[in-house]
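A.B. asks: Listed below, chain by chain, are the residues.
Number of protein chains: 2
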Amino acid sequence: MKVGILTIGNELTSGKTQDTNSSFIARQLNVPGWQVAAMMSVGDDENAIRGGLNYIMGISDAVIVTGGLGPTADDITTVAIASTFSLKLYTNEDVLRHIQGLFEKHRLKWTPNNAKQAVFPEGAETICNPIGTAWGFSLKRNGIIVAVIPGVPAEVRRMLPEGVIPLFRREFTEEAQYVESRTIKLFGIAEAGVDQALADVDLAGLGVNIGFYPNFPENHVVLIARHASEAEAKKKLKKAEGYVKERLRDYIFAYDRETLESLVASLLTERKLTLAVAESCTGGLITDRLTDIPGSSAFLERGVVTYSNVSKTELLGVPEQVLHEFGAVSEQTAILMAEGVRKIGKTDLGLAVTGIAGPTGGTEEKPVGTVFIALTDGKKTICHRSFYRWDRRRIKMVSSQSALMMLKRYLTGEMRDD
Amino acid sequence: MKVGILTIGNELTSGKTQDTNSSFIARQLNVPGWQVAAMMSVGDDENAIRGGLNYIMGISDAVIVTGGLGPTADDITTVAIASTFSLKLYTNEDVLRHIQGLFEKHRLKWTPNNAKQAVFPEGAETICNPIGTAWGFSLKRNGIIVAVIPGVPAEVRRMLPEGVIPLFRREFTEEAQYVESRTIKLFGIAEAGVDQALADVDLAGLGVNIGFYPNFPENHVVLIARHASEAEAKKKLKKAEGYVKERLRDYIFAYDRETLESLVASLLTERKLTLAVAESCTGGLITDRLTDIPGSSAFLERGVVTYSNVSKTELLGVPEQVLHEFGAVSEQTAILMAEGVRKIGKTDLGLAVTGIAGPTGGTEEKPVGTVFIALTDGKKTICHRSFYRWDRRRIKMVSSQSALMMLKRYLTGEMRDD
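Protein sequence lines correspond, in order, to chains A and B. All the letters of the first sequence, read from the start, carry residue numbers 1 to 418 under the working numbering. All the letters of the second sequence, read from the start, carry residue numbers 419 to 836 under the working numbering.
None of these hints come from the bench; they were simulated from the model. Wrong hints could be hidden among the right ones.
Stated by the list, open to error - Within a straight-line C-alpha distance of at most 20 Å, the following computed PhoX-like cross-link-like pairs (lysine-lysine) qualify:
no. : chain 1 : residue 1 : chain 2 : residue 2
1   : B       : 603       : B       : 690
2   : A       : 16        : B       : 603
3   : A       : 380       : A       : 272
4   : A       : 343       : A       : 272
5   : B       : 690       : A       : 185
6   : B       : 826       : B       : 784
7   : A       : 16        : B       : 420
8   : B       : 798       : B       : 761
9   : A       : 245       : A       : 185
10  : A       : 366       : B       : 761
11  : B       : 826       : B       : 690
12  : B       : 690       : A       : 2
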């Protein structure tokens, strides 16, 4: 089944308000396996509403309209829809009493324009609003259902699952499908590289959809399998996932809602390991990401942002002579930073990053974007040199990601000596 | 002039990604005074793109299309648009060389599917992508311009003002007006509060548009003045700005492209002051923000993320007894953290934050969301206690903002003793 979404409001077309309803509705429609034909936003304008509704109805089996059901003069959705279908308007006395009851309950002053919210096109079925005064309604025209609800996000979040989706299910019983999806998160490979690696896999033949979602510095691949049988949908998804894993194993770090930081946090917590972090060019971003995870105090003993040479010596014990001879951005310094922060923090692991985030400070030998990342467990220290051609913020982001990837590989035993 | 917006991508119609481009584009179009006829999102499907584009062209003078210009198989926007207008495709050798050059520069492995990004419909004018490989293009059909750019938000943010809007201005010269705009950034007041404070100001009467853009934890107010005379537009804007400043002075911290961190960085650099930061609940976010500013090494001597009690004692000299008696989250500890980090870092200023970001760890006396922020210059130390009812990430964000606000107020002499 194809569903069209029409959101109405000048606040949307002026860019003042971000339309969050459309993507919420789309996600909810994924569950029963319905597809979104198109999403459209128009202003509070009768011609624009009529034109948009006619277009969307032409490509959909059902339409969800949100917004423009308020009591003020600029809310004209009901009138515009009635005029689209040449229907008269009438006042629903039950809804009117309900709204008046709400006003009494909340001790609000009744003004006549509120009666407007009890007006519906003739033949419409009302949709209850459990938390507000703007009730919705539905109409059926040429086999297409049009469901109209208010645009307040909290009301959409109630009325869509409680009113609209049950209505659609009742009307479109034949199409129930199970939908299984899997998000695979990759790092260290560009979108085109992912595509290339999967070029020989016939996912379409398997009946599995694939989507690519770049999310700097990560790339996400989403697999979606649909089938009338839940077991069959799961089987198809598992097969598709196997193909992707076979070809992209080295780049995959997490699945679905898992993040790199949540994964590292779980691994450290499970294994009761403690961590100290020394950051230079990432400026605190690594500890910021780790401390986004509830319970991170269990493993994160300390972090230091050693932006000056003096702080590298004082807080990490990096000898002045090393800084002088090899530079603050060097393999030698990175290793001593990791070892120093671990030793002084008395933790199991020490992680360090030093680099040149730019835009200035680069040399021919060490251009802007040169980053050293070191990790130590007290027995062995590993250090990687990387080079990124991005702007300052993105060098910080990709460096923090590389550092957390190194830690993740160490914790899962994937770490290689190179 | 009426502009239609068509955003393309399965990630939009599946609800996986929130379409932020449409509202960004709508806000940008407000500046020259153009209106949005409709915004539509469709999936990566040739029929849906063709149908959507035809509909939007029927109600617009110009159309902006975003998304689906990547190198992967699911990116079909160029093909779909060429087929809509019955145009052949050709490879633009200049663009191809440019993309190949980028791959060499970034030392990325070239795969043949990347050549797809140099393919355009015949007769199209290319639109330069200054930060990526997906160039855009524009076409004119029946007097309607269609401009096509990639969907990556960072690229839209560059290519819209640099490529698309100048193109539209060139084609629609009759509407030339001087437009002056001002973004006023506020912190510590909700959107409804801003609206209430400005209720008595007749901006419409002055011919100035106002927009409210929440940007957690900030609120931005945008004033736009238009006039055939540049001097008149500037005069109207200045007057409107005066009204806003009069009523909201206490909450305003920056204007236009200035950010709180860039402002603090400029103030510290100008006054040649150095800073050391001690963070607990913000986990490094304060130094992460400060180090986003190029040249921050001039003032940021060090940051420490003292997540454990031991680290507060070792790195900041907070006595164990204070931690034991008053707790790690207390005014006493915050003050000693700020004073300690300043003294040990030998800096002019010391800034410290300690709090409970949750979701657990709260007590009746100090619930989740309790945060202490302290700032010292060695002569005087100030400490504020705040309480925020947000989730963990947002408690970190609003706490880092409050800490940087305290520093900004100190540096501009606005700081009050309370």
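A.B. asks: Given the hinted pair residue 690 of chain B and residue 2 of chain A, is their Cα-Cα distance within 20 Å?
C.D. replies: At roughly 63 Å apart (the allowed maximum being 20 Å), residue 2 of chain A and residue 690 of chain B break the hint.
A.B. asks: Compare the distance between the alpha carbons of residue 826 of chain B and residue 784 of chain B with 20 Å, and conclude whether the hinted pair is satisfied.
C.D. replies: Violated, at about 27 Å.
A.B. asks: Keeping to a limit of 20 Å between CA atoms, is the pair of residue 366 of chain A and residue 761 of chain B held or broken?
C.D. replies: violated (34 Å)
A.B. asks: Straight-line Cα separation of residue 16 of chain A and residue 603 of chain B no greater than 20 Å?
C.D. replies: Holds - the C-alpha atoms of residue 603 of chain B and residue 16 of chain A are around 15 Å apart, at most 20 Å.
A.B. asks: Would the hint linking residue 603 of chain B and residue 690 of chain B be met if the CA-CA limit is 20 Å?
C.D. replies: Violated, because 26 Å separates the two Cα atoms, which is more than 20 Å.
A.B. asks: Does the alpha-carbon distance linking residue 690 of chain B and residue 185 of chain A stay inside the 20 Å limit?
C.D. replies: violated (44 Å)
A.B. asks: Checking one constraint from the list: CA of residue 343 of chain A to CA of residue 272 of chain A, max 20 Å. Satisfied?
C.D. replies: holds (17 Å)
A.B. asks: Are the Cα atoms of residue 380 of chain A and residue 272 of chain A separated by 20 Å or less?
C.D. replies: holds (19 Å)
A.B. asks: Check whether the Cα positions of residue 798 of chain B and residue 761 of chain B lie no farther apart than 20 Å.
C.D. replies: Given pair residue 798 of chain B, residue 761 of chain B holds - Cα atoms ~13 Å apart, limit 20 Å.
A.B. asks: Tell me if the straight-line CA distance from residue 826 of chain B to residue 690 of chain B falls inside 20 Å.
C.D. replies: holds (14 Å)
A.B. asks: Need the status of pair residue 245 of chain A, residue 185 of chain A: alpha-carbon distance at most 20 Å?
C.D. replies: Cα-Cα ~11 Å, so holds.
A.B. asks: Is the straight-line distance between the alpha-carbon of residue 16 of chain A and that of residue 420 of chain B 20 Å or less?
C.D. replies: holds (17 Å)
In summary, the numbered hints that this structure violates are 1, 5, 6, 10, 12.
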